[in-house]
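Enquirer: For the protein sequence lines, the chains are A and B, in the order given.
Numbering-wise, the first sequence is residues 178 to 434 according to this note's numbering.
Numbering-wise, the second sequence is residues 55 to 391 according to this note's numbering.
There could be a bad hint or two in this list.
[Stated by the list, open to error] Cut-off 25 Å, straight-line C-alpha distance, at most; resulting in silico cross-link-like pairs (BS3-like, lysine-lysine):
(1) B:192 x A:188
(2) A:432 x B:129
(3) A:188 x A:432
[To be verified] Have a look at the derived ranges for each label pair, beta carbon to beta carbon:
(4) B:371 x A:197: 49 to 57 Å
(5) A:374 x B:197: 38 to 46 Å
(6) B:134 x A:203: 42 to 50 Å
(7) A:305 x B:154: 54 to 62 Å
No lab work stands behind these hints: they were computed from the structure.
Virtual Cβ for every residue (Gly too), placed ideally from N, Cα, C.
Chain residues, written in single-letter form:
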Amino acid sequence: MSALLRMEAGKLFRLSSVRAALVLLLVFPALWAYAPGIFEVYGFFLVSGFQVPALSLLSSMEFLMPLLVAIIAAELVGIEAMHGTLPTVLLRPVTRSSWLLAKLLVLTVLPFLVMAYFLIASLAAGVPYGFDAFVGGTGLGEGGLIGQGTMLPVDAARELVGAYLLAAIALIPVALLSVLATVVTMNAASGALATLAVLIVMQLLVVFPSLEPFLLTRHLSAYTDPVASVGWVVTLIALYSAAFAAAAVVLFERKDF
Amino acid sequence: MTQAPAEQAAAPSIRTEGLGKRYGRRPIVRDLTFHVSPGEVYALVGPNGAGKTTVIRLVSGLAFPTEGTVTMLGKDPQQHPEVRRRLGAVVEAPAAFYPYLSGRANLRLHARLAGGVADERIEELLELMELGPAADRKVGVYSLGMRQRLGVAGALLTRPDVLILDEPASGMDPLSLHLVHRVLRNAAGRGSAVLLSTHHLDEVAAYCNRVGIMEEGALIDEVDLDRRRDRHRARVDDPQAARSALQAQPWIQEAFLRAGQVIFHLTEPAALPRVAPLLVEHGVGLQELTADVFDLRAYYRERVSAERLKRTGVEIAPEIGRPGTSAGDVPSEERPS
């Protein structure tokens, strides 16, 4: 299993979607940091470097981050079908489930790596604004960007890390759903598209208020707009993740290659 | 190679019983029963779409049969994936490798997945498959033939007891083709059971032990090339007397007439010098004694054409520039009923 894990982790950084994501996530925060029309459009000025990561997160979790994670996950599985390497690997004394579990484990860690990179890139983009105490809020806590008076750097950092951590956790089932969709289609593009279709449908289901606490998409913004307690969110995400992973393994075990 | 117990060595390494595969209602493979013994080379031949690749995937455990059973070294490869420790296989044509890794790095990766193979073995195989100079180049820039040779090298990594190869010589130049077939023949010589699908009838006819002819998912014929290869042909003035004389000898397995000549099969090749004196002793004039060369290609065309004619009413067009391949050219004694 450790050989498989090393192999899959190594593959991750060779994926074209990962390379594209690294560039995109580097450029994206800079758009906020240097956008000349931010006041005209949104009615606020950035006053602290801590606000750049918050704005980056707020503006990306709705669509961009799920999209990136879904594409990366789909490519990690689908590229094996594209290159024809999947049968070659499965002909070794490797069980199908262990091969897929290695990918699932790597993709469970992926959102944390992506969000950590995004946070660092966002902080780097916020350097011109400085990281001193400031009057206002990060945008992630009470009072939004207006805040509740002076915010100390340590409090701002705590808010950012907590929000990014929760966002990373919320992205795990997106990655695993993408694996499931790719196992069904054995095609990276179809897998990613199917994942996005499911997420969009879930977003529309908010019109059924009783379903809202159970919708995965509703918890993508749990870091700033929680519909339930953190414990509930984490439990629900764990259940979604386990269900997607189990379904992917079961389907993969019976798949013809 | 793993040392098999004596009782296992005698048993077939690959065995299928009534194997079938259908996608929806469409049967791809139908009621396929065959076996491959240790040290034997078995070639599956047939037109494109005959179901050869599906059989290869069913036997290697990549696809699930909808009917029948497959055993590899006595075990179901689906239920016992550990049996693949003794399997070497190439199921893609061209063989699939990670294009961003070098040939050597790909083999090392496979060596790790196989549970560990010495670096010396990897180097040995790279040299054997004449890939030494290209070993550090990325596989993405390899030619079709180089990938195929790397595929064979990967299949041989663990000195497997069972080798399964789908079109191992696809896209190869004549020299590489010869190399691959030589390597496979040597692997069989060391005791591996080799199952391959191919269109290279002339090459496999030279060293395969048995050939299974597939058409529309079914095994329509199985040819024992060993028996055909050891046949001799005698042109004599009294064929009936010659056949009777030969049939009575314990060192003659079978003797029959074809086109006025006597065809006979020796139990052992060393007995050949005894044939001429025997015929003279029985008053038979011997005009010519020669090996009876079996034309697999002609036989294949005959069988597939007959099967297709029976099924669709359409006959296969004669092969251009190759006399002796029409249905009537295969001697009637050779044709199965």
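Enquirer: Confirm or reject each hint.
Expert: Going down the list of hints, with the structure as the test:
no.: 1; hint: B:192 x A:188; verdict: holds (15 Å)
no.: 2; hint: A:432 x B:129; verdict: holds (20 Å)
no.: 3; hint: A:188 x A:432; verdict: holds (23 Å)
no.: 4; hint: B:371 x A:197: 49 to 57 Å; verdict: holds (52 Å)
no.: 5; hint: A:374 x B:197: 38 to 46 Å; verdict: holds (40 Å)
no.: 6; hint: B:134 x A:203: 42 to 50 Å; verdict: holds (49 Å)
no.: 7; hint: A:305 x B:154: 54 to 62 Å; verdict: violated (38 Å)
Taken one by one, the earlier hints fail for this structure only at number 7.
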